[in-house]
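Asks: Read off the chains here:
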Amino acid sequence: MEVLIAIAIGTLTACGIYLMLRARTFPVILGLSLLSYAVNLFIFISGRIRLDAAPIIADGPYTDPLPQALVLTAIVISFGMTAVLVIMALGAYLTAGHDRIDTEDQHAEDQP
Amino acid sequence: MSQLLILPVILPAALAGFIILFARNALAVQRAISGFGTLALLALAITLIQAPTQSYFLGNWPAPFGIALTLDGLSALMLLLTASLALIVLIHSIATGWDAQGRHFHALFLFQLMGLNGAFLTADAFNLFVFFEVLLIASYGLMVHGGGQARIRAGVQYVAFNLLGSTLFLFALATIYSTMGTLNMADLAQKLPLVGADDTGLIRVAAVLLMLVFAIKAALVPLQFWLPGTYANAPGPVAALFAVMTKVGAYALIRFGTLVFPGDLPALGGLLAGLLYPAALATIAVGAIGTLAAGALPRQIAFAAIGSMGTLLLAVSAFTPEAVSATLYYLIHSTLATAALFLIADLARTRRDGLTAALYMAAAIAMAGMPPLSGFVGKLLVLDALRSDPLAWTFILLASLLTMIGLARQGSDLFWKAPNTEAPAQSKAGVLLCLAALVALTLAAGPITGWLGQTAAALDAPEAYIAANRLGVAE
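Protein chains in written order, with this note's numbering: chain H, 1 to 112; chain L, 1001 to 1475.
In case anyone wonders, no lab produced these hints; they're calculated from the structure.
A few of these clues could be false.
Partial chain H-side listing against chain L, Cβ under 7 Å, derived [to be verified]:
{"hint": "1", "residue": "V28"}
{"hint": "2", "residue": "L30"}
{"hint": "3", "residue": "L32"}
{"hint": "4", "residue": "V39"}
{"hint": "5", "residue": "L41"}
{"hint": "6", "residue": "I43"}
{"hint": "7", "residue": "L70"}
{"hint": "8", "residue": "A74"}
{"hint": "9", "residue": "L85"}
{"hint": "10", "residue": "A89"}
{"hint": "11", "residue": "A92"}
{"hint": "12", "residue": "T95"}
{"hint": "13", "residue": "A96"}
{"hint": "14", "residue": "T103"}
Computed footprint of chain H on chain L, listed as stretches where at least three residues anywhere in the stretch have a Cβ under 8 Å from a Cβ of chain H [to be verified]:
{"hint": "15", "region": "1122-1133"}
{"hint": "16", "region": "1320-1330"}
{"hint": "17", "region": "1387-1399"}
Note that the Cβ used here is the ideal one computed from N, Cα and C, for glycine as well.
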């Protein structure tokens, strides 16, 4: 189980970083999403893997509830951030006519 | 008294929500609410800076189980600096009509202040992440305020860079939580010295990851690439407000470097200081060379800001009380000087008359660290704190010279070769207020450095901060 999750997180991170390094906005957004999936899994298992246990302190077996609260926060934030990035990338694509991620430095400052 | 601690966070949040719900089309009402909020934050910060170190427990959950906000000298100082800068920026953007060039300027502005204040107050590392995201998401909106192709494309880069930083932040926090079982900073400070040999490697990885995240925020070389494009393309007043955003990274580095990962921690040793020192030297060099090489004024100011962050972090990397005290003085100065230059660049875009040139000269003198303004005092304090380090002296002094040459050349190009007095004059109230704050910082250097010395001493011995979190009470 540990090995499986470790491999999953590693693969997601590697794919995410590869896509992040692309020159167009769409792969970059996909890469960031994969990275956020990887980190969400990573946070989730930071409370250790435990089967058949409720995240409530009780007499029986229980699992650490805090990582679950943390991962919920992280999911909501990364979801919102991805939405913002998609809208901005779309705006950049529609105004510029292409979706390259790099910018020209020289003429950028003289606009109102 | 301790109930006041939550106000710097909820007041701007409530006002911003009110603007979105009830005043989305009434600019005059928005301006009034925004002005009221900023003045109230300033009054709050002045009250809180006189208060002793104390904590506020959200929902009255005891730390480390609930989230605690802790106020100490450093937090209060950053609150006061943010509120003062916010007032200057707000006056400038209202007087020059920037806030009317797109929708929701005031709501985003208040959300930005909420995120900044929260980041400076929180005593919980995960909560710090949440407030980082609050201030970032507001800054994404402010950054593309007014629109335009170049600005939106620079904005996409800025967002992507910071999302990557957020991911690293989460990796670091999860690593710390899985090893230590807590994310309260005071609790971490108590438990980290007891960490076993098995977990030392994980703690070192997490500490370096956290430092990387803060270095992205502080624009430390080689993580500075987002800054010039962002600052040069952001609207003038927004770039001025962003002057405090790099200082959030510096604040977090100081907080973690003194409280959570102090230099005498057996698991880390001098790891952080050893990494920070060469990076800060490189940052100074890149900032100075960039100031010489940059074309347009906003990009040049962005590089000068990178250089000043280098000087600041070089002093931080020493982590002595004397160096931290010098850092804090230089931090106040560098925020105000960068903001003043960005506001002047905004004015000089349309009209370049004699008065603007004179204001530019004053701000450039402050930025380069020449007498008589506070940049000189700040650099003197930093050099004095690093007295036994000839390499740091060489870098700081040479960088000052290069920055001065770069800014002087830009000034003569801009104001002598291409003067422009046809456009209508814009209000200079924000710039004048900013320069007045710099003059006040210079005149009151004695009492201010005295107070900063006490703050730095309290950071060096954080017993009061830890005690304020009342960790043992719940057990």
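Asks: Regarding the hint that V28 of chain H lies at the interface with chain L, is the smallest CB-CB distance below 7 Å?
Replies: holds (6 Å)
Asks: Classify the hint on T95 of chain H as holds or violated, based on whether any CB of chain L lies nearer than 7 Å to its CB.
Replies: holds (4 Å)
Asks: With a cut-off of 7 Å, does the beta carbon of L70 of chain H approach a beta carbon of chain L closely enough for the hint to hold?
Replies: holds (6 Å)
Asks: Was the hint right that V39 of chain H lines chain L, CB cutoff 7 Å?
Replies: holds (4 Å)
Asks: Does the nearest C-beta of chain L fall within a distance shorter than 7 Å of the C-beta of A92 of chain H?
Replies: Given a least distance of 5 Å, the restraint on A92 of chain H holds.
Asks: Hey, does the T103 of chain H contact hint survive, CB to chain L under 7 Å?
Replies: At 5 Å from the nearest chain L Cβ, T103 of chain H passes the 7 Å test, so the hint holds.
Asks: Would the hint on L30 of chain H be counted as holding, given a Cβ-Cβ threshold of 7 Å to chain L?
Replies: Violated. Min distance 12 Å.
Asks: Under the criterion of a CB-CB separation shorter than 7 Å, is L32 of chain H in contact with chain L as hinted?
Replies: holds (5 Å)
Asks: Can A96 of chain H be said to touch chain L, with a Cβ gap under 7 Å?
Replies: holds (5 Å)
Asks: Can you tell me if the region 1320-1330 of chain L counts as covered by chain H, using C-beta to C-beta distances under 8 Å and a minimum of three residues?
Replies: violated (count 0)
Asks: Answer holds if the nearest beta-carbon of chain L is closer than 7 Å to that of I43 of chain H; otherwise answer violated.
Replies: With a minimum Cβ separation of about 4 Å from chain L (threshold 7 Å), the hint on I43 of chain H holds.
Asks: Quick one, is the A74 of chain H hint okay against chain L at 7 Å, beta carbons?
Replies: Hint holds; A74 of chain H Cβ to chain L Cβ min 6 Å, cut 7 Å.
Checked against the numbered hints listed earlier, the structure breaks hints 2, 5, 16, 17; every other hint is satisfied.
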